[in-house]
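S.K.: My request is simple: use the sequences and hints to build the entire structure.
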Amino acid sequence: MKLLAIETATEGCSAALWCEGEILHREQEAPRAHGRLILPMMQAVLDEAGVDLGAVDALAFGRGPGAFTGLRMACAVIQGVAFARDLPVVPVSTLASLAQRALDQAPELPVMAALDARMGEVYWAMYGADVEGLAMLGSLPEQVSAPDQLADQSGQAYQAIGRGWQTYGAVLAASMGQEPQNLAANLLPRAHEVARLAVRDFAQGLGVSADEAMPVYLRDQVVKTR
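Under full-length UniProt numbering, the first residue of the sequence shown is numbered 1, with each subsequent residue one higher.
Source of the hints: derived by calculation from the structure; they are not laboratory data. For every residue, glycine included, the Cβ atom is placed at its ideal position computed from N, Cα and C. Hints may be right or wrong, so weigh each one.
Label-pair ranges, simulated between beta-carbon atoms [stated by the list, open to error]:
(1) Asp211 to Gln181: 24 to 32 Å
(2) Gln156 to Ala76: 35 to 43 Å
(3) Gly177 to Gly54: 45 to 53 Å
M.R.: Next up, the structure:
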């Protein structure tokens, strides 16, 4: 199995290649340089593995939530390659890939992943680990809300990750009902974890065609329901 993944939904820009169980990865935090960096990063991981794009079995991208421009870029890049090479695509939650970084350190604790959504809001969700230790959506699905409007999780130990915690840590903890046991407020989602989750999802038949590979804009969905 060879799967090429990208993640550009936040300040970070990254590409990763899953190649028979090994992951090759490039990443850089460069908020305004994603368009310049992402294609060379994709080529770099292919070159390191000695793999031609024609040998790739599937593509994956961080489908959001996240910055509108970054999500549109990731979707456009992946759709372009998928159409050209007739490859299936696996859209992966940006929050799930972020949560995976915490679960790799403490899989026994659920994760509250949060990203700064601007305008006084956060993108957030709760995740647990499946039998393979990979992130699966928990009881609180992906949402966008003010940081003081989370569901109270008093009595439940949890860990926290993401720059939503860097911006609104005290408010988020108060809204959750208690402080997280572990906190990694400076981390961003990466293609490394997108690739890992995509391989699992692809094996479960969750790949889609290029024209079905769409970003997820939680804020747009919320606006439409009000």
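S.K.: Next, verify each hint and record whether it holds.
M.R.: Evaluated hints:
1. Asp211 to Gln181: 24 to 32 Å: violated, 43 Å
2. Gln156 to Ala76: 35 to 43 Å: holds, 39 Å
3. Gly177 to Gly54: 45 to 53 Å: Check passed, 52 Å falls within 45 to 53 Å.
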